[in-house]
Amino acid sequence: MSIKDTIIVLLIVTFMSLFSNVLGTPAGIVESIPGLLILALIALAGIVMAKYLPGNIPSVAYVVTLGCILTYPGVPGSEFINFWVQKIGFVSLCTPILAYAGVAIGKDLDAFAKNGWRIVVLACVVFTGTYIGSAIIAQAILKYLGQI
Amino acid sequence: MYNIKLHAIILALIIVAELIGAHTFKIGVGTIVLLPMLYALMIGILTTPKFLNLSGKKEMHDASALLGITLMLLMARYGTLVGPTLPKIIAASPALILQEFGNLGTVLIGVPVAVLLGLKRETIGAAHSIAREPNVALIGERFGLDSSEGRGVMGVYIAGTVFGTIFFGLMASIASSTLPFHPYALAMAAGVGSASMMTAAVGSLSAMYPDMANQIAAFGAASNMLSGLDGLYMSIWMGLPMTEWLYKKCYRMRYGTAPEASEAGKEEK
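Protein chains in written order, with the numbering used here: chain A, 1 to 148; chain B, 1001 to 1269.
One or more of the hints may lead you astray.
With a Cα cut of at most 20 angstroms, we get these calculated SDA-like pairs of lysine to any residue [said to hold, decoys possible]:
#1 A:Lys143 with B:His1182
#2 A:Lys107 with B:Pro1049
#3 A:Lys114 with B:Met1042
#4 A:Lys114 with B:Ser1262
#5 B:Lys1088 with A:Tyr72
#6 B:Lys1120 with B:Ala1258
#7 A:Lys51 with B:Trp1237
#8 B:Lys1248 with B:Leu1116
#9 B:Lys1057 with B:Ile1045
#10 B:Lys1248 with B:Pro1259
Label-pair distances were calculated between CB atoms; the ranges are [stated by the list, open to error]:
#11 B:Pro1241 with A:Ser2: 23 to 33 angstroms
#12 B:Glu1263 with A:Met49: 50 to 60 angstroms
#13 B:Met1042 with A:Ala140: 40 to 50 angstroms
Partial selection, computed: residues in chain A whose CB lies under 8 angstroms from chain B [said to hold, decoys possible]:
#14 Pro54
#15 Pro58
#16 Leu66
#17 Pro73
#18 Val85
#19 Val103
#20 Val121
#21 Gly133
What the hints contain is simulated information worked out from the structure, not anything from laboratory work.
Ideal placement from N, C-alpha and C gives every residue a C-beta, glycine not left out.
All chains should be modelled from the sequences, with the hints used to inform the complete structure.
Structure representation (structure tokens):
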């Protein structure tokens, strides 16, 4: 997707997120706009970096890392950015995405229905695996360090 | 992207979903969470030709083309959530950092089970991580969310969103009463990169060990912040390659042939 198209899509999503944020969080329209625009700029910068920087690193890594650095306490402007993005609810930002996802899923509904139960079973296994795996390592290390 | 009809449908979905609002149901040790995003997803599916036929082929196709970029705004917010907590993360003990590798347990257990269950390339999306938002974005970018891999990650993401807290609440109490783990180890393990899941597990543990409650909460929160930061990088450079490799091994073991290539392979980046 060209940069111009990316910008247009980001603006559309920002516009959609304005609605979900105003309805889903205490923030009003005027309070939500600066934070959303900051997020859109971070997203755009990350996408551009992934496109032009070497290393084949996915843009999601650039976007998250940029967001981290810009809000790291003490970085110039971090207080300003933090102040505004705090008004944007994480869960509210998910609503437009899953609305698009719902419409998109429509075309693969059969595949979803076929494998749905398997994926739910797998989800339970994945959650258990992560939890027990982490607990085993944590137990070993805490014991080694003498903390338990 | 100039599909006005699609965006009008989406806008209507958002407004309806947000007006219904979030609802939680307390069940024993945990809660079932229904968020507006879930209604948006459900009603979104209902607009497609199989049901109400508001969104046609063109809308479905355009929506999936846009999905990858829509996720980036959320990822920007994700980064700005992690940033302010970074000083605390950096100060975390080595135990916390090493414990993060436990998240790779997901792959080791998840992939073989997925192949046994008969899942194909869905395995890659569903078993490479615990499937929180950054993982959805990563799979979306690599394969597209309308690929088999995308369906896998979306399935686990949605299951986790709805049942995650009740599952983690239950698992923490079962593990602490039946397995020989110290409550601190279980508290640390609770930080899987989802605040609600961590809170549920930590909540059960603190109820069982009230005199250790503060330390349990601190371990849980610190580990969760850490997972939030490293989870994505770990998935990109360790979890995902490991999943691909293990998937090929398991697939060959079960079916005797090499697995089919990703349908999104041409776009792989």
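Restraint status (C-alpha distance of A:Lys107 to B:Pro1049 at most 20 angstroms): holds, 9 angstroms
- prompt: Under the criterion that the straight-line Cα-Cα distance not exceed 20 angstroms, is the pair B:Lys1248, B:Pro1259 satisfied?
  reply: holds, 6 angstroms
task: Assess, step by step, whether the Cα of B:Lys1088 is no farther than 20 angstroms from the Cα of A:Tyr72, and give holds or violated.
output: holds, 11 angstroms
- prompt: Quick one, are A:Lys114 and B:Met1042 close enough, alpha carbons at most 20 angstroms?
  reply: holds, 17 angstroms
query: Between B:Lys1057 and B:Ile1045, does the CA-CA distance stay at or below 20 angstroms?
result: holds, 13 angstroms
message: Hinted pair, alpha-carbon criterion (20 angstroms max): A:Lys143, B:His1182. Please report holds or violated.
response: Answer holds: A:Lys143 to B:His1182 is near 9 angstroms, not above 20 angstroms.
field: Residue hint A:Val103, partner chain B, criterion CB-CB below 8 angstroms
entry: holds, 4 angstroms
message: Tell me if the beta carbons of B:Pro1241 and A:Ser2 are separated by a distance inside 23 to 33 angstroms.
response: holds, 30 angstroms
Supplied contact hint for A:Pro58, tested at 8 angstroms Cβ to chain B: Holds: closest Cβ of chain B sits about 5 angstroms from A:Pro58, inside 8 angstroms.
field: Distance restraint hint 50 to 60 angstroms, applied to the beta-carbon atoms of B:Glu1263 and A:Met49
entry: At roughly 28 angstroms between Cβ atoms, A:Met49 and B:Glu1263 fall outside 50 to 60 angstroms, so the hint is violated.
- prompt: Any CB of chain B closer than 8 angstroms to the CB of A:Leu66?
  reply: Cβ of A:Leu66 sits 6 angstroms from chain B, so the hint holds.
message: Just to be careful, I want the Cα atoms of B:Lys1120 and B:Ala1258 compared with a cutoff of 20 angstroms; is the pair within it?
response: holds, 11 angstroms
Violated hints, in rising order: 12 and 14; the structure is consistent with all others.
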